[in-house]
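Asker: One line per chain: the protein sequences are L and D, in this order. Each residue of the first sequence is one higher than the last, beginning at 1 in our numbering. Each residue of the second sequence is one higher than the last, beginning at 1 in our numbering.
Source of the hints: derived by calculation from the structure; they are not laboratory data. Just so it is clear, CB atoms sit at the ideal spot from N, CA and C, and this is done for glycine as well. Honestly, I wouldn't trust all of these hints.
Unchecked claim - Here chain L is said to cover these stretches of chain D; the calculated rule only asks that three of the stretch's residues, wherever they fall, bring their Cβ under 8 angstroms from a Cβ of chain L:
{"no.": "1", "segment": "99-111"}
{"no.": "2", "segment": "118-126"}
{"no.": "3", "segment": "186-199"}
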Amino acid sequence: MSTFFKRLLGFILLLSTMGLTTCQSVVKAEPVLVLAKPADQLLPGNE
Amino acid sequence: MSKLPTLKSAKRFTGDTLRQYSPRGLLLYVLSLALIPAVVIGLSKGQVMTVIVNASAFTLYCLAAIWLRKGLQAENPSSQDRLQSPSKWPLKLFSAVLVAFTTGMLAVLAAQQGLVMAAIYACGAFLGMYFSYGFDQAKSRQIVGANGYSGDEVRKTLADAFAIIKQIEQANHKISNRELNQRIDNICQIADGIIAELEADPRGIRRARKFLNVYLENVQQVVQGYANTHQQSSSQALEQNFRQALETIESAFQEQQQKLLEEDLFDLDVKIEVLTAQLKREGIL
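Could you put the whole structure together from the sequences, leaning on the hints where they help?
Answerer: Here it is, written out as structure tokens:
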């Protein structure tokens with residue numbers, strides 16, 4: 001395997017393991033994806 | 001036409017300088033940056049566990065990055081560092097283990113993954129470190145002993161000489177005269193060359209020992225002394241004396257280098273003593 005592909009694979013692995021766990025840590029600390037209101041309340045006429 | 005300003009603090013941009021700012025290994029710092037907002041969120045919400053886990057992970061990642069960069073530098077040392085005793089520790093391997101451990105710990109404690117998933121993350125991070133940076137290679141080449149001096153003694157003598165050259169270069173930065181700066185730079189380059197030659201072939205170490213131990217130190221004292229005096233007051237006579245001294249030193253250094261190249265057995269000790277006496281007579285030493 002050439003050095004370039006080896007390094008690229010290493011980069012992808014690091015990004016997908018270390019990067020993912022650090023990002024998950026932020027998401028678990030602040031669950032921003034949870035909606036403040038139920039979805040049906042966001043429809044027009046139901047505010 | 002306006003004159004260009006003189007760059008008193010300009011430095012030569014050498015490979016050593018470039019190596020110091022190499023971006024290799026910075027990825028670990030970048031990837032761990034996401035942990036800072038996690039710590040801040042934990043602090044704002046009063047979640048002790050979140051703060052402790054994320055702050056610890058950030059610290060461990062930074063430590064791993066420091067080890068990794070030291071390990072990378074040790075593989076391709078600068079001219080001076082290559083003469084230092086090589087590190088006993090496999091820093092890149094330590095860094096990879098630390099990254100794997102921290103990633104696994106973070107996956108369990110912060111990302112709330114199962115143990116198996118955490119182990120997969122840890123293995124992935126370890127492999128990623130291996131593929132990206134590799135592990136520590138064999139130690140740097142040994143300097144062989146010669147003329148009754150062991151390899152370590154030769155290495156130490158040359159490393160001490162390099163340290164003196166660094167001091168001369170630092171003193172040179174305090175002198176604001178381009179011509180003198182250039183002369184001192186030349187002297188340092190010749191001395192660098194002599195040390196590189198001795199490193200490659202230490203057989204001349206016995207003859208060069210006095211040059212390395214005594215003469216180089218005298219030069220450092222001369223340059224340092226002039227740099228200090230020159231900052232307080234400038235005198236034409238002193239500058240002229242210093243210029244002459246530098247010329248003498250430069251030619252002596254070139255001669256020393258030539259003798260080493262020719263493997264001439266003629267001892268330069270007497271000449272060195274004569275030059276030292278001359279410098280003393282001129283009131284520079």
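Asker: With reference to the structure, classify each hint as holding or not holding.
Answerer: Hint-by-hint comparison with the structure:
| no. | hint | result |
| --- | --- | --- |
| 1 | 99-111 | holds (count 6) |
| 2 | 118-126 | holds (count 4) |
| 3 | 186-199 | violated (count 0) |
Of the numbered hints given earlier, the model fails hint 3 alone.
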